[in-house]
Structures are given as structure tokens and as C-alpha cells.
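Please construct the entire structure, taking both the sequences and the accompanying hints into account.
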Amino acid sequence: MITTQTEFRAALLDPTRAAPAGVRNPGGAQATKRFDVYRNNVAAGLTDALETAFPVVDKLVGNEFFRAMAGLYLRAHPPHNPLLMYYGADMPAFLTAFEPAQTVPYLPDVARVELALRHSYHAADATPIAPDSLAALAPDTLPHVTFGFAPSVFVIPSAYPLHSIWWANTHGGDIAKTAQPVLITRPEFDPAVDALTPPQADVMIQLMAGIPLGKALKHGGAGFDLGPLLGLLLSRNALISLKT
Amino acid sequence: MMFDAAPNSLPPRPGVGYKAKHFNDIMANAGPVGWLEIHAENYMGMGGRPLAQLRHLSGKFPFSVHGVGLSIGGEGRLDADHLVRLKTLCDWLNPASFSEHLAWSSHDNAFLNDLLPLPYTAKTVLRVADHIDQVQSSLGRQMLLENPSSYLEFAESDMSETNFLAEIAARTGCGLLLDVNNVFVSATNLGYSPQGYIDAYPLEHVGEIHLGGHDEDADETGAPLLIDSHGAEVVDPVWALLDYTLAKSGPKPLLIEWDTDVPAWSVLVEETKRADAALRVLA
Chain R
5 MITTQTEFRA
15 ALLDPTRAAP
25 AGVRNPGGAQ
35 ATKRFDVYRN
45 NVAAGLTDAL
55 ETAFPVVDKL
65 VGNEFFRAMA
75 GLYLRAHPPH
85 NPLLMYYGAD
95 MPAFLTAFEP
105 AQTVPYLPDV
115 ARVELALRHS
125 YHAADATPIA
135 PDSLAALAPD
145 TLPHVTFGFA
155 PSVFVIPSAY
165 PLHSIWWANT
175 HGGDIAKTAQ
185 PVLITRPEFD
195 PAVDALTPPQ
205 ADVMIQLMAG
215 IPLGKALKHG
225 GAGFDLGPLL
235 GLLLSRNALI
245 SLKT
Chain U
10 MMFDAAPNSL
20 PPRPGVGYKA
30 KHFNDIMANA
40 GPVGWLEIHA
50 ENYMGMGGRP
60 LAQLRHLSGK
70 FPFSVHGVGL
80 SIGGEGRLDA
90 DHLVRLKTLC
100 DWLNPASFSE
110 HLAWSSHDNA
120 FLNDLLPLPY
130 TAKTVLRVAD
140 HIDQVQSSLG
150 RQMLLENPSS
160 YLEFAESDMS
170 ETNFLAEIAA
180 RTGCGLLLDV
190 NNVFVSATNL
200 GYSPQGYIDA
210 YPLEHVGEIH
220 LGGHDEDADE
230 TGAPLLIDSH
240 GAEVVDPVWA
250 LLDYTLAKSG
260 PKPLLIEWDT
270 DVPAWSVLVE
280 ETKRADAALR
290 VLA
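Residue numbers (my numbering), protein chains in the order written: chain R, 5 to 248; chain U, 10 to 292.
Everything labelled a hint here was simulated from the structure, so no lab data went into it.
Some hints here could point you the wrong way.
DSBU-like, lysine-lysine: derived pairs with alpha carbons at most 35 Å apart [unchecked claim]: (1) K96/U <-> K30/U; (2) K257/U <-> K69/U; (3) K28/U <-> K37/R; (4) K37/R <-> K63/R; (5) K181/R <-> K222/R; (6) K63/R <-> K28/U; (7) K282/U <-> K257/U; (8) K28/U <-> K69/U; (9) K132/U <-> K282/U; (10) K63/R <-> K30/U; (11) K282/U <-> K96/U; (12) K37/R <-> K132/U.
Shown next as C-alpha cells:
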């Protein structure tokens, strides 16, 4: 009696199925509880991986809810490779569609922050530009400048006070009243999480797409002040090149 | 295909599974630890702290790269992208040893994050040997193959695990990683003698020995069911099985594996002292 890995895998991920007929206890009886060891290892291992990846989502929904939801997620979206540090890429879309989580509408954005934090942590090292390299440019060249960003830099746009939601659940504090997109950078080894205004996030998205500064600034609206954003990017070692 | 590159070169001393939280302890005082092992997949990012720590440590210690995700026992083809990742890591770190498991973990584009069992037959020998040939030629290194912890048997198996491993080593020129905790777990679960397993095992191919902890449970008939956990101290019967093995094999690199509920560095050092003592009585 042959047990295929297709049969083994199907039974692993579906607890309502019987164990494959070809797996045995010592002595020859059909294995049941012994097969469950593998079932438990797979479900618990991937659930733990998701818990590690999404601690704030976990905190917001409660651990019992999170582990039940993770059980559904891992069956619908098993990892496609062994790099579990990146597991969970489909979580924002899953949360958007997951009916029982609709009472917490900002969960998908929180999940995006948590995914970006892990990508930032493992991103390639890069050497930042000198803080005075912008000041050295002739003023009439500034609108034509394009920036190169460290691979650890991410912007998470949001219609919610996302930064203060994340911060309140990791460090404490109050939730802001207005939209707060998030900027993730990695000054050295630990990612930093900062709040952006919606216009700053709009400008950042343009700059990260390689749009020259003059054109990108138009997305910030009238009266946009580049100074605070630029200061933040320089202090976080987020810029690695500039071209005119 | 026999692989004839230089065999692995870990020293016959105690080593530990490296955890990032122990970085400062290890740099300050490594105790009897003579080498470190990493799980390859945890170091497949592009940069940041994990690779920076390895850069520091690799100047001080020989490394063993231990893969947990290649699915060498899989029915399908090896994941070519994953082989490239392993090669990139090994070329960069230049470890003293590379090892993987006699198990499968991926099927149909899903990575299941567990070391799943395979039947031992003439057909699976060919499949595993093909995969090992591919690994050794891709990496340009000899690999060590580790025996699994088993909880059940396959009706179709018609070879012992020890004969299976001997056949694989003979066909591919790979070395073997003997996990004596896995031997104890499998022997208890499947009702054979762990010493008998060691007697039948091709010890001449062993390049490394693993020691770890396990959990205790029972199956539906009340028979003991031990579960490999890497989350506790090595138990006395496993230390005794190590002594039995070393008396026959001579000194080998000994790894303390502790992957869940990772304890303070001082607890790991106590385990490595015991491993060190087991090696010293041979001298």
C-alpha cells in the first residue's frame, strides 16, 4: 500500500480527513494519534510563525481569536518557500476579506506595517549619503534631484491614525484623531517606525518611485514644507544616493 | 554519483545551535563551545543584524550550516531557488559543514514547516540519492544527512532506516549526521532497541552528532510516544546512548540543539560541559 505525499499533505492540512491508510502504529494498526503529531507540528509551527510576524494584530484581536484565524489562514495560504521570516504576505488581503475582523477596519494596515518591519530588518545593508550632500547642490538643480532609498525603507499609507495605533500597542500612549501614514526605516540594525502626514506620505511615494523632487513636491499640495521630511530621512539613514 | 570534494571539517568538540540572543554571551565567554550551528533558512535575508552577527562570529568559530527546508525526501524536484539560496549562504560563510534531513517538507508549492517522514524502499533510495547528488554538485560540498525522529511506520517500507542510510551514503558519498536523540525517540516510538540501531548504523560516515530534548506523550493504545521538541535538556538515557555510540565511533563533533523556549547561555554551557566530558573520557 503506497502513501503518496499528495495524500499525506491533504490529510495534514484537513483535520476532518482520516490519516492515510498506509501509515501504521508499530504492530501494524492504522496510525491515528501518531499521524496527529505531524498535523499538530504543521498547524502549531505555522501558527507560531504568524504570531511572531504579527504581534500587534494578535494584540488587537486577542490571542484566541488570532490563533483560530491563523488556522484558517495557514490552510488557505500555506508558505510557498522555507523563508518563514517573510511568511504572511497575504495577511492584509486576508484580513480585508475576513468577515469576523471587520469591526477593526485598520487591521490590514497594521499587518502591512508588521510585514514591512520584517522586510526592513532583513533588507540589504546600504551606505547613507552625507547629511550635507543636499546643501552642496546648486539651488536651481534641486527640482531635478532624484533620491535613492535604502532597501529597508517602506511607506505604509493609511486613512487611519496608523502610527499611533501601532505605537499605543507597542509602547503605550493615545490614539491620534487624524490619519497617520507610517514610515519605516532602519538607521542601523533595528527598524524605526515614524509618523508621516498624508501629504508627506504622498510625496514619499513619488520620491520612492524615482520621480524628481520638483514634480514629487506637487503631490504634497500648496504650502508643503519639505524640511521636516528631509530631516527625518537623513536622521534615519534612509537616503543612499542623489542624482541631478 | 560519488562525491569526492573535501569532507566536512568540524572539530570533534561540543557545539551549540546559535541563537541571536546569545551573541554577547558567546563573544564574552564561549565555555567549551568549539563551533556553532545555524539553521540556514534564518540567514537567507539580504543583510541587517543576522548577517552582521555571522560576520563577527565566523572569525572566531567554525560554522555548521544546517538546512531545515530543502525537502530532500520530497516526491517532486528540489526547489531550484532554494538551492541557489543555500549556495549563496555557503559560498559567503564557507562553513565547515553543511547538513540536511532525511525528510520532506514541501509539496505542491506549499512549505509545511515540519520534517515529514518517507517510506524506506528501493524507489525512495533512488529519489533521495538523486536529490543528494544534486545538492552536492550544486553546492560543491559534501553534505551530511540526518536521521529523523519517527512517530509512525509506512506499510510499504521494506528496508530498515540504517540500511537506507548506509545505501544512500554508499551511492552518493554523502556523510551522515547522527541525531542520537532522534534514535532514542524513534526506537521508543517504534519499539526497537536504540543500541541495536547504533550497532546497525554505518558509523564510519558520521561527521556530526546531534543531542537534544524531547517531550513525552502516549498514543491511543497507551504506548509511549516521544516527540522531538528541541525545547529541554538532553535526558540521561540519551547521554548514555551517546556514550555507547562514541565508544564505537571515536570522538565526533557534538551539537546541543535547543530551538524552542531557548534558555540562558549558562544552561547551554552546562549541557556542552557534559558533552565535553563525554569526549574527554575517550582521550
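* Ascending list of hint numbers which this structure does not respect -> 9
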